Amino acid sequence: MLSYLLRRLLWMVPMLIGISLISFFIMHLAPGDITSTESAFDPKSSEESRQKLRALYNLDKPIIVQYGLWMERMVHLDFGHSFASHQKPVFWSEKDKDGNVTPGMIQEALPITLLMNIAGLLITLSLGVPLGVWAAKRYGQWPDRSITLFNFIGFSIPGFWLSLLLMYWLGVIHPWFPISGMHSLNYEQLDFWQKGQDLFMHLFLPVVIPSLTGLAGITLFVKNGMLDVLNQDYITTARAKGLSDRRVTYRHALRNALLPLITLIGLSLPGLIGGSVIAETIFAIPGMGKLFYEAVMMRDFPVVMGILTIGSALTLLGNLLADLAYAWADPRLRKGVMPAR
Amino acid sequence: MKKILHNPLALTGLCLISIILLLALLAPWLAPYDPDDINVKQILLAPSMHHWMGTDGLGRDVWSRMLYGGRVSLLVGLVAVGISTAIGVFLGAIAGYYRGWVDTLIMRLVDIMLSIPSFFLILAVIAFLSPSITNVMIVIGLTSWMSVTRLVRAEFLSLTQREFVTASTALGAQDWRIIFRHCLPNSLTPVLVSVVLGIASAVLLESGLSFLGLGVQAPQSSWGNILTDGKEYIQFAWWLSVYPGLAILITVLGYNLLGEGLRDVFDPRSNTLR
Chain A
387 MLSYLLRRLL WMVPMLIGIS LISFFIMHLA PGDITSTESA FDPKSSEESR
437 QKLRALYNLD KPIIVQYGLW MERMVHLDFG HSFASHQKPV FWSEKDKDGN
487 VTPGMIQEAL PITLLMNIAG LLITLSLGVP LGVWAAKRYG QWPDRSITLF
537 NFIGFSIPGF WLSLLLMYWL GVIHPWFPIS GMHSLNYEQL DFWQKGQDLF
587 MHLFLPVVIP SLTGLAGITL FVKNGMLDVL NQDYITTARA KGLSDRRVTY
637 RHALRNALLP LITLIGLSLP GLIGGSVIAE TIFAIPGMGK LFYEAVMMRD
687 FPVVMGILTI GSALTLLGNL LADLAYAWAD PRLRKGVMPA R
Chain B
-9 MKKILHNPLA LTGLCLISII LLLALLAPWL APYDPDDINV KQILLAPSMH
41 HWMGTDGLGR DVWSRMLYGG RVSLLVGLVA VGISTAIGVF LGAIAGYYRG
91 WVDTLIMRLV DIMLSIPSFF LILAVIAFLS PSITNVMIVI GLTSWMSVTR
141 LVRAEFLSLT QREFVTASTA LGAQDWRIIF RHCLPNSLTP VLVSVVLGIA
191 SAVLLESGLS FLGLGVQAPQ SSWGNILTDG KEYIQFAWWL SVYPGLAILI
241 TVLGYNLLGE GLRDVFDPRS NTLR
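Protein chains in written order, with the numbering used here: chain A, 387 to 727; chain B, -9 to 264.
Do not take every clue at face value.
[To be verified] To be clear about the criterion: a stretch of chain B counts as covered by chain A if any three or more of its residues have a C-beta under 8 Å from a C-beta of chain A, and this derived list gives those stretches:
1) 99 to 108
2) 113 to 119
3) 132 to 146
4) 191 to 201
5) 236 to 243
[To be verified] Label-pair restraints from in silico Cβ distances:
6) A:Ser566 with B:Ser120: 34 to 44 Å
7) A:Met683 with B:Leu15: 42 to 52 Å
8) A:Gly628 with B:Thr156: 49 to 59 Å
9) A:Arg632 with B:Thr179: 48 to 58 Å
10) B:Ser148 with A:Asp614: 14 to 24 Å
11) B:Pro18 with A:Val558: 31 to 41 Å
12) B:Ser148 with A:Pro516: 34 to 44 Å
13) A:Ser389 with B:Gly90: 38 to 48 Å
14) A:Trp397 with B:Ser120: 30 to 40 Å
15) B:Glu222 with A:Phe578: 32 to 42 Å
16) A:Asp614 with B:Pro(-2): 14 to 24 Å
17) B:Pro37 with A:Glu494: 19 to 29 Å
18) A:Met683 with B:Glu222: 17 to 27 Å
19) B:Leu12 with A:Arg459: 24 to 34 Å
Simulated from the structure, these hints should not be mistaken for laboratory data.
The structure displayed is predicted, hence computed values, not measured ones.
All C-beta atoms, glycine included, are put in the ideal place defined by N, C-alpha and C.
Using the sequences and the hints, build the whole thing.
Written as structure tokens, this is what we have:
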């Protein structure tokens, strides 16, 4: 088990190098850099000052050299400083000579996106699993049919459209929910519970809407898993022993049907992180997605590279965790009856 | 073919897609106005007999813009999936046929591409290359070939073990002939399903990009950017937000239904969506 874990962790190194290579060269495919967006509208900026700026950011060197410099800093986990936002550190906070701490951009944005995604995942699972079980038990009857219809619509509906309509309906026509940002203006004056409530109200729509569209996948996955399992011999045996329907469904069938769900969740990570762009820009939530969108628009290379690298590293880590969780949850793998991979 | 028409999912999907395709193809004859014709005297008119879907903030007829926008959205879906399928089939075929280091190299590339949050990658590339229809199609194509590669490779791994392949090798057929004439036609059925489902997600992706202002650029209309323009006016002009979203929903639903129906027909054993 330990050697398996070590092997997987070592594997991540060449993977990350590959990812960073692809990201880095794509970024330099395009003409133009930060100097063309930052000074394009400034009549005072001369070609000479742009050259100076390029030299300052090493943008005048060949791509290979730039990649080398970037890689060298990566070894120390130094993601550099943002070009656009007043030299804020990209990844983690830094102290300057006077002891002032500047928080890192990813450090601020990542917890927000993680919180939203984890909350969303919990909602999806707590609705999707029971719905999937119900559809499987009533296969071919009206619950199954209506859940299938719902699934198809869930897969096909554009998330940003649903967000826009619900935001207008629940935020403007019936102003139950705030429609942008994470906190109210008077957030600092609130006590602990009110702060929690304020955060909840602000994050409700941006968390619930994407989980509604994600629900379709989980429900269908659980339903199909249950259908497969319910046809197995050991379920017939359990029924023949006279066990109650509840016990057969939840103790014997569901636990086996849920196993592949772990892998599915691991695989859906990059989609979740990437999908945060639209929800966060619509609802003005300062998470990774919005940060990335703004960085891309400003051609802020260090921030773009930082987010791509951290996002991919998180994905790799998530997949590893999913595999470990699978091995832990499946006694056949845990006790080494079947080889792990 | 007969089986497809007897499958209710596939049939519904096929009908929806045919209607949308027909409307898009016949746009020049069906559109009552020029889609780009600005009319300042008729701004934000509600749907009526003259303007079936109302007019937008510049007085352009929304129904006409929807018809022409449909052409763009459908084209992007088809071309993007065409590109990704071509890459996927090619890489999958050589990986599955030659195995060894070629296979390892290609499959590691697949792993890497799957670990990068693809929407981030697409966003970055399009923003840096300057947004346009062509770039959107190419970039969506270049970032969504991985599942086809895996499918085709798996098919090739088992096909190359079969007698007819051994036979043609023994008869001295060249590699490319075995790959393209013997194995490929036998491995295309699962690819067809993933092509149809791929179009669905490409249409969604394009509309999402246009919504962020990185897809099809004004004045050319696509469903995504009609919606983006419309969101400014959502309080006074619901029709600008509702119709384009519905059009996207119906199109994507059509392709998803058809894809699932095809899967049922070709592979009755599995019943998974994606």
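Practice item. Report the numbers of all earlier hints that the structure fails to satisfy, in ascending order. Key: Numbers 3, 6, 7, 9, 13, 17 and 19 - these are the hints that the structure violates, sorted from lowest upward.
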